[in-house]
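Asker: So you can see what is in the structure, the chains are spelled out below.
Protein chains: 2
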Amino acid sequence: MSLFGVFGSSKKSATNARERLKLVLSHERTANIPYLEDMQKEILQVVQKYTKATDIHFSTNSNSHISTLEVQITLGNA
Amino acid sequence: MSLFGVFGSSKKSATNARERLKLVLSHERTANIPYLEDMQKEILQVVQKYTKATDIHFSTNSNSHISTLEVQITLGNA
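As you go down the protein sequences, you meet chains A and B in turn. Quick note on the UniProt record's numbering: the first sequence kicks off at 1 and runs consecutively. Quick note on the UniProt record's numbering: the second sequence kicks off at 1 and runs consecutively.
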């Protein structure tokens, strides 16, 4: 449920015309996923095709257990 | 960083041959995203194409600000 905090300023942005979408892909670091990079690219192509968003921000994180890719997409003016 | 807790039993599962991938797609509830359902389906098709996973578990959550789709994918034996 901690995900509900993902948009730090959701109250403020509710009054903002820009809309945001967030995609997070995570896996255990022990996992051997040779196709991960290709799959990520293809997922992002799908997102870009639908959203036509140009403002896409990536970040990656990892600790000893989990690797995470976060993608923040700003959908532009509604 | 709270996402690092997404796999409740990551320590245990490190000794387990099954590997897991998690995808989370979230957006502000105020956002008008008419293509959301189609986009989700297409993203899942990409995931299924790459992972060939049959064990896919969905859950949705929403509060007053954020709607979230969580997809847990068990990749099968390594």
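Heads up, some of the hints might be wrong.
Straight-line distance between alpha carbons at most 30 Å, and here's what the computed DSS-like set of lysine-lysine pairs gives [as the list claims (entries may be wrong)]:
id, chain 1, residue 1, chain 2, residue 2
1, B, K52, A, K49
2, B, K41, A, K52
3, A, K52, A, K22
No lab work stands behind these hints, which were simulated from the structure alone.
Asker: Against each hint, give a clear statement of whether it holds in the structure.
Answerer: So, going through the hints one by one against the coordinates:
no. : hint            : in the structure
1   : B:K52 <-> A:K49 : holds (23 Å)
2   : B:K41 <-> A:K52 : holds (17 Å)
3   : A:K52 <-> A:K22 : holds (15 Å)
The structure agrees with every numbered hint stated previously.
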